[in-house]
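Those protein sequence lines, which keep their order, are chains D and R. Under full-length UniProt numbering, the first sequence has 90 at position 90, and the numbering climbs by one with no breaks. Under full-length UniProt numbering, the second sequence has 125 at position 125, and the numbering climbs by one with no breaks.
Don't read these hints as lab results, they were simulated from the structure. Quick caveat, the model's predicted, so the values are computed rather than measured. It is possible that part of the hints are untrue.
[Unchecked claim] Here are the simulated DSSO-like cross-link-like pairs (lysine-lysine), alpha carbons at most 27 Å apart as the crow flies:
id, chain 1, residue 1, chain 2, residue 2
1, D, 18, R, 92
2, R, 180, D, 118
3, R, 259, R, 248
4, D, 116, D, 139
5, R, 54, D, 139
6, D, 139, D, 127
7, R, 180, D, 139
8, D, 116, R, 289
9, R, 50, R, 248
10, D, 70, D, 240
11, R, 248, R, 180
12, D, 31, D, 118
13, D, 127, R, 180
14, D, 31, D, 232
15, R, 180, R, 54
16, D, 68, D, 22
17, D, 120, D, 139
18, R, 248, R, 126
19, D, 18, D, 232
20, D, 116, D, 31
21, R, 259, D, 118
22, D, 118, D, 139
23, R, 180, D, 120
24, R, 259, R, 54
25, D, 116, D, 127
26, R, 180, D, 116
27, R, 180, R, 92
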Amino acid sequence: MSEEILTTQDLHLYYGDKEALKGINLDFTEKGITALIGPSGCGKSTYLRTLNRMNDLIPNVTITGTIKFKDQDLYSPNADTVQIRKEIGMVFQQPNPFPFSIYDNVIYGLRIAGEKDKEKLDAVVEKSLRQAAVWDEVKDHLHESALALSGGQQQRVCIARVLAVSPEIILLDEPTSALDPVSSSQIEATLLNLRHDYTIIIVTHNLQQASRIADRTAFFMNGELVEVDQTKNIFMNPAKKQTEDYISGRFG
Amino acid sequence: MNSKTQNKIAIGALYGIAGFVVLILLALLGYILVSGMPQLSWHFLTAPAKAFLKGGGVGVQLFNSFYLLFLAMLISFPIALGAAIYLYEYAKDNWLTTTIRTAIEILSSLPSVVVGLFGFLFFVVKLRLGFSILSGAFALTFFNLPLLTRSIEDSLRTISETQREGGLALGLSRWETVTKVILPAAVPSILTGVILSAGRVFGEAAALIYTAGQSAPALNFMDWNPFNISSPLNPMRPAETLAVHIWKINSEGIMPDAKAISSGSSAVLVLAILIFNFAARYLGKRLYKRLTSA
Ligand SMILES: Nc1ncnc2c1ncn2[C@@H]1O[C@H](COP(=O)(O)OP(=O)(O)OP(=O)(O)O)[C@@H](O)[C@H]1O
Ligand SMILES: [Mg+2]
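Just chain R, with the same shape it has in the complex:
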């Protein structure tokens, strides 16, 4: 067998494997969307869920998912940004940074159920936050922080060392170089990382089951005072998210249209994550163009 045919066989095999992966992905997406799309309607997206009757929606769960995502990002982004800047721009390689890096590594490979149980014991029980949005947001922060820190660190790494030298040689301090040269240059890629991690957080269930809880009390969308129990903004209310809803319906749903609601919810979830992914690419590219040409 000469090297040309060998090459052909190898390429054929690689195409085969790649095609197989794409096929599985498309089949999964297709199945979820085909069985879920027919359920989607304005009513489904906005109505509260029903426990025993048919015709419930996922409005509250959808809102909860976004609200939790927002809070979790609000807490984890500044910490992750600070940690990444420290680790990449300032820290020298020594035992301390090696320890931090290892900790981040381990934390990022922790199964999310474990994060959820830790959140339950610590935030829900110990700190008496109860099943609440706040407990959930803290658990999601633990889940998200290591991944986000690493992704921001990777974004900083893509900015060439010559840019840092350029900034310093111009008489900027290290901090000015980081904030005025490196960060602006890294914004598009950081944003992409944030949105992608938002997709992961949005679809997370295991970390939330025992922290944000599995019930979604009806909300009064006219009441925006965060201290009222029926206000959507109240951070102390239990808040079942979309992903948790899917899990719950499938394990103990007793409404007659459980199957349909679960399919519909899955379709919403998948669509939201797809939108996150495409938005990440689009915004990242747009922003990079804007920043580098304006």
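So here's chain D without its partners, still in its complex pose:
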């Protein structure tokens, strides 16, 4: 059994006075893929964004409970959000490459952190793009705009951009829902490659996707965590009636 890398205890989140997360207890062990599923509006994105403090950007959000990343309290007053987000990276639903070249996109985090060594940067670009499984498609036009790529390629460049700052955890919020089926399966293949080296948490609406790639699956409903288990068990033999109803398509 591997170590717990991220733990959430009794996590509540309020938008104004609307309670969006109602006491979530959920732990993540190192490496592997966990999928978060559940009906629209149940709080998956909200939960995911608490894990690297992206909800800080939204006004009037109150968060109670504890989230620990390797024994470090993410919400303690002296937590360094910038550092946290380097270690817990995030990929969004809409591919959001910066309007620069592919090369610049990938090294942006490092370059701003002060890395100047050209050879090192070149190496990181190649390694990250290979890990994200787009290297072969973009290696001949690294210095062209990332905006000229297809949506699927852009998304993989965004994954490479996150990998380049070597995070430990990667959060993905419906990373394939804006993409065509071919691009989606390429992203899935990419994630399956990465699962040995990173702890991956992915929100998805696509139950097949969860069953294809996730080691573990957590089912959310109405701001509560209903059930979390090995993906196999969730899909074949769920413990809770609500999970079964959702999986078999009876609602949501």
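Chain D is already provided as a structure; the job is to place chain R with the ligands on it using the hints.
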């Protein structure tokens, strides 16, 4: 009447109105250029003005216009950029920012004569700067600041929120996200806004009449020491600009060729502003391509 004919009539009316506006614009431009172009010559663009004789030029005024524009931009751009970044990227919506926004709104709709009179009372009289380039540049700053701030804020607004999230999620601080991701992405549109506002500043007369003054002492273009009174760079000398020159000739010009000089000056002014506008479009597009593909 069925909806198809209604549609046709509506479209026809809209075309008519648009055509009418374009027609007025072309007629105005045509009139100014046709009556002004014949006066243009190298001599006209470079020679100093003459008060009583014919054959004067607008060289000094032209230089003054550019110099004032440059100084005004030098002062107002950093302030406007800072204000826009603060308002859009940092400030929360509260009474303070609402007050600032309202102030900017009011300032931007202030008639430029009022700005000019304020400049006269405050910079010229109170601060004893006299009729000088400096007074004029400060007045133009007041005139320009609100418009420029708003235009930069609009440029920042065009950059999608997902870019900010992307930057922050990558472990950039807020400041790094703004300066390293948002600003570079917004540069083309900011530049366009700056050049367009430069056009407005360049053509401004009312704010300058009582601040930069209405006289254009001859300049010695060999003397670049800003402390000498005849140096073009001296910020304490009075400096009539092209737009002020046009106003003055038409109200009290006594040179025999006043009409011709006024037409010529107007043509120069209009051409300069046209060039600003086209340059803004061209540079903005070019820069965007460069930045997004290099
Ligand atoms: N910025 C916000 N301000 C106020 N309420 C919000 C905000 N963001 C989300 N909510 C609310 O919180 C609840 C959970 O939203 P969240 O986006 O986390 O759901 P989700 O499970 O990701 O849904 P989806 O599958 O549609 O993306 C919803 O009821 C939503 O309306
Ligand atoms: Mg969501």
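Now for the hints, and whether the structure bears them out:
1. 18/D x 92/R: holds (21 Å)
2. 180/R x 118/D: Judged against 27 Å, a Cα distance of about 19 Å means the pair holds.
3. 259/R x 248/R: Holds, at roughly 12 Å.
4. 116/D x 139/D: It holds: about 21 Å lies between the C-alpha atoms, which stays within 27 Å.
5. 54/R x 139/D: violated (69 Å)
6. 139/D x 127/D: Answer holds: residue 139/D to residue 127/D is near 11 Å, not above 27 Å.
7. 180/R x 139/D: Holds: residue 180/R and residue 139/D sit about 24 Å apart, inside 27 Å.
8. 116/D x 289/R: This hinted pair holds, its Cα atoms lying about 25 Å apart.
9. 50/R x 248/R: At roughly 13 Å apart (the allowed maximum being 27 Å), residue 248/R and residue 50/R satisfy the hint.
10. 70/D x 240/D: violated (30 Å)
11. 248/R x 180/R: Since the Cα atoms of residue 248/R and residue 180/R sit roughly 47 Å apart, the hinted pair is violated (cutoff 27 Å).
12. 31/D x 118/D: violated (31 Å)
13. 127/D x 180/R: holds (24 Å)
14. 31/D x 232/D: It holds: about 18 Å lies between the C-alpha atoms, which stays within 27 Å.
15. 180/R x 54/R: Violated, at about 56 Å.
16. 68/D x 22/D: Satisfied, since the Cα-Cα distance of roughly 18 Å is no more than 27 Å.
17. 120/D x 139/D: Holds, at about 17 Å.
18. 248/R x 126/R: At roughly 25 Å apart (the allowed maximum being 27 Å), residue 126/R and residue 248/R satisfy the hint.
19. 18/D x 232/D: violated (34 Å)
20. 116/D x 31/D: The given pair, whose Cα atoms are some 30 Å apart, is violated under the 27 Å limit.
21. 259/R x 118/D: violated (64 Å)
22. 118/D x 139/D: Holds, at about 17 Å.
23. 180/R x 120/D: holds (21 Å)
24. 259/R x 54/R: holds (11 Å)
25. 116/D x 127/D: Satisfied, since the Cα-Cα distance of roughly 17 Å is no more than 27 Å.
26. 180/R x 116/D: holds (16 Å)
27. 180/R x 92/R: holds (22 Å)
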